[in-house]
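Asker: Make a model of the complete structure from these sequences and hints.
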Amino acid sequence: MKALLRADLYRLLHSKFFYILAAVALALALVTFGLLVLIQTLASEMAGEALGLSVSAFQRLSFDGTVGYFSVIASAVFICGDYAGGGIRGKIVIGCGRREIFYSKLILSAAMSAVLYLIGQAAVFVLGGIYFGWEGVSAYDTVSLFIAGLSMSLAFAAVFSGLALILQKLSSALVFGIVAMFALSLVLSLLSAAGSAVDSRAFTVFCDVFARLTPVGQNTALAAGADDYWVHTAVSLAWVAASALLTPLRFKKLDLK
Amino acid sequence: MSEVVLGTRALSKYYGLTAAVDGVSMTIGRGDIYGFVGRNGAGKTTLMRIVTGLVSKSGGEYELFGCPDTDAAILSARRRVGAIIETPALYPAFTAEQNLKMQCMTAGRGFSAVADVLRAVGLSGTGSMKVKNFSLGMRQRLGIAAALITEPEFLILDEPVNGLDPEGIVEVRELLLRLNRERGVTVLISSHILGELSKLATKFGFIERGKLLKEISAQDLEKECRRSVVLQMNGIARFAEAMQKLGVSEYRVLSQTSAEVFAERSISAFAAALSEVGLEIFRVSENEADLEKYFMQLIGGEER
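As you go down the protein sequences, you meet chains A and B in turn. The number in the numbering used here is simply the position in the first sequence, starting from 1, with 434 added. The number in the numbering used here is simply the position in the second sequence, starting from 1, with 11 added.
FYI, nobody ran anything at the bench for these hints, they're computed from the structure. Take the hints with a grain of salt, since some may be wrong.
[Claimed, not checked] Here are the simulated lysine to any residue pairs, SDA-like style, with alpha carbons at most 20 Å apart:
| hint | chain 1 | residue 1 | chain 2 | residue 2 |
| --- | --- | --- | --- | --- |
| 1 | A | Lys687 | B | Lys112 |
| 2 | B | Lys112 | A | Gly515 |
| 3 | A | Lys687 | B | Tyr26 |
| 4 | A | Lys686 | B | Gly71 |
| 5 | A | Lys687 | A | Tyr574 |
Answerer: Written out as structure tokens, the structure is:
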């Protein structure tokens, strides 16, 4: 396992795609920050008063769904790239266990997702902290939201690395992951729209529960101001556990070309 | 009998109702160079995939270094194996050296052997050139290097000389022979170049439509393939006497007018000896079966 991790880390650090993703994540965080600054400036010029944006608002806005898409791309490229070159085949041939191969991939995919998430959060805390200030910001909410977001990033990585390992082909993993995220977002939007039209307590509860069941829904809920951070964290960690337990069972039975 | 490195019993793999490997029982002893001969789709690669753990078996069993495939220790047994199955497992964006370092790391080894192995396969001068820019032959050599870097006791090579030029083919052959003689490395090798296999293998297995038709040692194969002369005569009486006079002990009578002789004599010598016993030669034909002909005879001609 240690040897596999070392080899996978070597490959990751010597590959361009991760650095490109990190640069894109940073660029997106800077664009979001720039837009917020522009909105704040325009609002104060036009309305004559500041919008009162804070680090908290910037932090909520950073849950724009990009971490999910980054996880799809990072896991697919990292894992399916190993299939394409024959790396996974090579590992099995020399006696590496399939479970260990997956765990090594899972750990590094999770690390990539975490780094990409941290890049966004670093922009929030450094640039947001400098520009908007920390006045009125709850340390508990900030830290809890940060942890919920981190757990959600790990959940994305766990789910998509499992899918990539089972689907094997880069195109399949990318298409499946992106379509799944898009479809879930669509369902959540429809449920949200329906929720405002349907006057039913049971339906509202169903929508709330459904939104918290998947990382995509959690992302939307956290961006919209949900404050049940620890429920989100627990559900995300459950996704990580489920992927860690179930993926090896399927991977074990998979015939490799 | 020497230690069995790979033994399979009634090993099978089905894809739906189609048998890719159908009840194959084969034995590869330590030090063997086992030439695996079969047409495309005969089941060679599938069997290699099963043994290397890439594909699950549908039935039967196998043992690697005495370890049953159902035992958890099979992973440890596989650590003693190096393999190239179809295409070499390489990272195109990395250099040859980086690829070998990755292989070393995966196997939990140091990098001390990297330079030597690159030299052994003739790739020591590739420097910062990435594998994606390698020719097919260079990739094949690097694949062999990756299989050798872990110092395996058993090499499984599926078409390892694919894409190599004649010089490369000879180099690979000599490398494998050297590994076999000097380090006692056991080899399971398949190749479409049967002439090349015949120069290398000490044992052959012939597979067709998933079934192992025959296992034969190189010595026995040589006996079955050796050069002979078929003599068509006006009779067969006193043929033995003529052969005795010629000092030929190995021959067989094919019919009342023909015989096959396994000895190198001139036609005039045959004619003279047979004439002395009252026999006349009508026609002489040379018969030399090589591995290719032997295989074609075994599978019943070229008909699929």
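Asker: Against each hint, give a clear statement of whether it holds in the structure.
Answerer: We went through each hint and held it up to the structure:
Restraint check for A:Lys687 and B:Lys112: the C-alpha separation of about 29 Å exceeds 20 Å, so the hint is violated. As the CA atoms of B:Lys112 and A:Gly515 are separated by approximately 18 Å, the hinted pair is consistent with the 20 Å bound. A hinted pair counts as satisfied when its Cα atoms are at most 20 Å apart, and A:Lys687 with B:Tyr26 qualifies at roughly 14 Å. Taking the CA atoms of A:Lys686 and B:Gly71, the gap is near 19 Å; set against the 20 Å cutoff, the hint holds.
At most 20 Å may separate the alpha-carbon atoms for a hinted pair to count; A:Lys687 and A:Tyr574 exceed this at roughly 45 Å.
When each numbered hint is compared with the structure, violations occur for hints 1 and 5.
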